[in-house]
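Asker: Protein chains in written order, with our numbering: chain A, 15 to 381; chain B, 15 to 381.
It cannot be assumed that every hint is accurate.
Pairs involving identical chains hold if they fit within one copy or between any two copies, as the list cannot separate such chains.
Stated by the list, open to error - Below, simulated DSS-like cross-link-like pairs (lysine-lysine); rule was C-alpha separation at most 25 Å, straight line:
| hint | residue 1 | residue 2 |
| --- | --- | --- |
| 1 | K349 | K117 |
| 2 | K117 | K299 |
| 3 | K268 | K73 |
| 4 | K283 | K117 |
| 5 | K295 | K325 |
| 6 | K215 | K17 |
| 7 | K260 | K114 |
| 8 | K344 | K17 |
| 9 | K114 | K295 |
| 10 | K299 | K268 |
| 11 | K290 | K337 |
| 12 | K212 | K349 |
| 13 | K283 | K114 |
| 14 | K114 | K337 |
| 15 | K337 | K299 |
| 16 | K22 | K299 |
| 17 | K117 | K295 |
| 18 | K349 | K73 |
| 19 | K114 | K265 |
| 20 | K17 | K325 |
Hints listed in this document are in silico derivations from the structure and should not be mistaken for laboratory results. Since the structure is predicted, the reported quantities are computational estimates derived from the model, not experimental observations.
Chain by chain, the residues:
Protein chains: 2
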Amino acid sequence: MLKFVVSKSEVQEKISVASSSIGSRTVDPILQCLLFKPVNGHINIHATDLQTSVISTVKVGEYEGSESFAVDADLIDDIVRNLPEDEVIFEYANGKLLIKSGKARYNLTTVSDVERFPIIETDEGGIKFSIDTSILEEMLDRVSFCASSESAMRALNGVYWEVHGGFLRLVASDGYRLALAEQKLDIDNEFDFIIALKSVKELEKLLSSTTEPTINITFDHSIVSFNAGDVTMIVRTVEETFPDYKRVLPKAFKTRVVLNSDDFSEALKRVMVIAKRGTEKVQLKISDDVMELSSQSPDYGDAVENIPVTKDGEDLIVNFNPKFLSEAIKHIDEKEVEFNFVDNLSPLQINPRNVEGYMYIVLPVRA
Amino acid sequence: MLKFVVSKSEVQEKISVASSSIGSRTVDPILQCLLFKPVNGHINIHATDLQTSVISTVKVGEYEGSESFAVDADLIDDIVRNLPEDEVIFEYANGKLLIKSGKARYNLTTVSDVERFPIIETDEGGIKFSIDTSILEEMLDRVSFCASSESAMRALNGVYWEVHGGFLRLVASDGYRLALAEQKLDIDNEFDFIIALKSVKELEKLLSSTTEPTINITFDHSIVSFNAGDVTMIVRTVEETFPDYKRVLPKAFKTRVVLNSDDFSEALKRVMVIAKRGTEKVQLKISDDVMELSSQSPDYGDAVENIPVTKDGEDLIVNFNPKFLSEAIKHIDEKEVEFNFVDNLSPLQINPRNVEGYMYIVLPVRA
């Protein structure tokens with residue numbers, strides 16, 4: 015038996031956080047469930063897809079009984095979201111869960127073999143560090159879009175975390191482009207790990223929904239946990255070695271261009287109208303203080319536009335996949351941006367001007 | 015040759031209205047194009063999928079030349095929407111269309127055999143009548159959702175228009191439910207026609223986007239045209255006979271229930287959480303001044319709720335597809351609604367209380 019009264023908004027929020035980590039197609043039906051487990055005066059909601067697990071703690075006045083129950087996550091999310099009143103009564107007994115709110119009554123079937131639910135416990139040990147929620151959220155936003163989702167190199171299907179020399183560095187790459195974000199941290203240990211893109215997306219959801227100012231992270235080799243107040247996310251790391259990204263960082267730039275990111279995005283958007291119907295290619299032609307953007311389509315015609323830039327170094331003509339440029343500019347989200355070129359075959363480095371700690375590397379395409 | 019200067023907002027709006035009527039998969043590539051044709055000091059944009067045609071008139075200052083050109087609708091829509099400045103210059107010559115706005119330049123390929131573009135002309139003859147835009151919009155909204163999109167009876171895949179005894183009556187049915195809306199009109203003629211659902215949807219878009227208070231309709235047997243200021247939509251009617259809907263309108267009601275539509279929708283939404291995972295069925299149990307809504311799912315459990323109603327006549331237990339009830343209530347959009355029952359096998363009539371001219375008929379399902 016387990017009985018508790020809870021506010022709709024509290025239980026709705028905690029169910030929503032937990033159920034978002036559940037895969038829609040799991041082999042084992044128990045993984046589509048949430049486990050409600052009474053612990054030390056609270057109810058913990060557990061969800062897992064075996065790679066990412068979430069424990070969210072529901073504040074309840076008090077509860078009677080000590081049994082756990084598991085119920086379909088989508089169903090309970092759907093029910094709670096639509097309940098008529100703020101006071102919600104949960105009564106679990108003999109395998110049946112009764113939910114009451116106002117005049118609404120649900121009498122639900124629960125999972126019979128609840129002890130099969132895989133609870134991933136966090137260890138007391140491991141290396142602990144903390145980071146501002148908003149900083150981690152921005153860092154992930156600036157790199158995770160470069161991660162691959164289907165590379166044969168499993169290490170690329172995620173975000174690389176490297177703690178080294180008092181810095182946390184996040185790196186992601188799909189082989190054609192790479193993003194890097196770093197932040198000074200108060201930590202002496204040195205270690206690294208890879209988190210799969212699916213878990214990264216769950217973590218990003220957690221960071222954007224929490225009101226906690228700080229995330230407490232515990233690294234314990236194969237497991238990393240992220241705690242934000244009432245919610246803890248536990249992630250299995252990807253057991254692969256990330257490629258040596260430092261070898262691809264370009265050096266000895268021959269052309270440096272500073273431009274306004276809005277000007278560039280707007281002009282790029284217009285030449286992309288043609289590029290996406292043709293060669294999926296945009297040409298940048300840099301001469302004096304003008305960058306000309308152009309694209310061709312054999313069926314539809316061509317588009318051309320130019321924007322003012324400040325240039326140091328040589329003139330240059332170079333081609334890119336326009337999607338890779340527009341995504342980079344969008345995620346930099348700074349007004350002034352630097353384009354650092356070596357030549358028309360070497361990677362281009364894009365970074366915000368006068369802001370440390372972020373950079374993008376993009377490979378050109380052949381003309 | 016054809017050259018004109020136009021404001022971005024004007025040409026964008028007129029392109030958008032026209033291109034929305036174009037099917038995404040047409041056999042003939044010329045049907046994916048818009049035809050720009052100079053006529054009497056304006057530029058007319060023509061679009062057609064052979065069933066529905068749109069002519070939208072673009073206001074231009076003046077133009078040089080008299081040639082027509084045709085260009086891919088998606089492309090021109092995409093280009094114009096993203097142009098940087100309000101002043102846009104179109105220059106067509108020798109099969110090439112140059113578009114200039116600010117620093118942006120597009121040099122586009124146009125269709126070579128432009129005379130193949132099928133222009134559907136409106137006749138001067140036919141029966142003419144007018145109706146308030148907002149009234150026609152509401153009438154269509156209240157009936158079109160009941161039309162079928164894939165019935166073997168082609169007449170059901172559209173909305174039936176019947177002008178009779180000084181009334182316009184719109185009727186749609188998919189065989190399980192039927193909606194009817196009527197409005198007094200200043201017209202003596204008697205005629206009827208069917209408009210296919212796809213054309214109805216285009217007409218609904220036109221009605222919601224126009225600022226014209228009145229729609230002028232011309233009926234000419236196989237063709238009906240709808241004029242709203244600068245935009246005219248020309249529709250081929252469906253050459254089928256609509257079933258005699260008057261025979262299915264229920265009579266001799268034994269139970270009449272008046273209820274608050276918000277109460278009903280909210281309770282229905284909650285029992286549907288279970289119904290959509292189970293039998294796709296909701297039971298209404300009417301006794302005294304209470305309606306109990308309930309649903310069962312063999313896998314998930316059951317839900318039950320009741321709402322206060324005012325009842326005249328016999329108690330009743332009857333089952334429905336809940337989707338058909340929720341869509342009816344949503345489209346009635348009135349606070350007080352009447353449910354008129356004959357028995358648990360006969361069609362239920364739902365109508366707003368104290369509002370003439372609208373009704374829904376829904377068949378029950380077996381328990």
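Asker: All hints, please: hold or fail.
Answerer: Going through the hints against the structure:
Proximity of K349 and K117 under a CA criterion of 25 Å is satisfied inter-copy only: 21 Å between copies versus 55 Å inside one chain copy. Within a single copy, K117 and K299 get their C-alpha atoms only as close as 69 Å, which misses the 25 Å cut-off; across copies the closest is 15 Å, which meets it. Taking CA atoms no more than 25 Å apart as the test, K268 paired with K73 passes in neither setting, with 60 Å inside one copy and 51 Å between copies. Proximity of K283 to K117 under the C-alpha cut-off of 25 Å is restricted to the inter-copy arrangement: shortest distance 13 Å between copies versus 53 Å within a copy.
For the identical chains of this complex, K295 and K325 are intra-copy neighbours only, at 23 Å inside a copy versus 69 Å across copies, given an alpha-carbon limit of 25 Å. Taking the closest pair of Cα atoms, K215 and K17 never come within 25 Å of each other, the shortest separation being 34 Å inside a single copy and 51 Å across copies. Proximity of K260 and K114 under a CA criterion of 25 Å is satisfied in neither setting, with 58 Å inside one chain copy and 44 Å between copies. For the homomeric pair K344 and K17, neither the shortest alpha-carbon distance inside one copy (49 Å) nor that between copies (37 Å) is at most 25 Å.
In the homo-oligomer, the alpha carbons of K114 and K295 lie at most 25 Å apart only across protomers (21 Å), although the nearest pairing inside one protomer, at 59 Å, exceeds that limit. In this homomeric assembly, K299 and K268 come within 25 Å of each other (Cα to Cα) only inside a single copy, at 15 Å, whereas the closest approach across copies is 80 Å. In this homomeric assembly, K290 and K337 come within 25 Å of each other (Cα to Cα) only inside a single copy, at 9 Å, whereas the closest approach across copies is 40 Å. In this assembly of identical chains, K212 and K349 lie within 25 Å of each other by CA distance neither inside one copy nor across copies; the values are 30 Å within and 45 Å between.
In this assembly of identical chains, K283 and K114 lie within 25 Å of each other by CA distance solely across copies; the values are 15 Å between and 52 Å within a copy. With identical chains, the CA atoms of K114 and K337 are at most 25 Å apart between copies only, with a shortest distance of 24 Å across copies and 51 Å within one. With identical chains, the CA atoms of K337 and K299 are at most 25 Å apart within one copy only, with a shortest distance of 18 Å there and 58 Å across copies. Taking the shortest Cα distances, K22 and K299 never come within 25 Å of each other, neither inside one copy (58 Å) nor across copies (28 Å).
When the C-alpha separation of K117 and K295 is checked against a cutoff of 25 Å, the pair qualifies only between copies, where the shortest distance is 20 Å, while the shortest distance within a copy is 61 Å. For the identical chains of this complex, K349 and K73 are neighbours neither inside a copy (43 Å) nor across copies (38 Å), given an alpha-carbon limit of 25 Å. Taking the shortest alpha-carbon separations for K114 and K265, neither the intra-copy value of 65 Å nor the inter-copy value of 39 Å comes in at or below 25 Å. Taking CA atoms no more than 25 Å apart as the test, K17 paired with K325 passes in neither setting, with 70 Å inside one copy and 38 Å between copies.
Taken one by one, the earlier hints fail for this structure at numbers 3, 6, 7, 8, 12, 16, 18, 19, 20, listed in ascending order.
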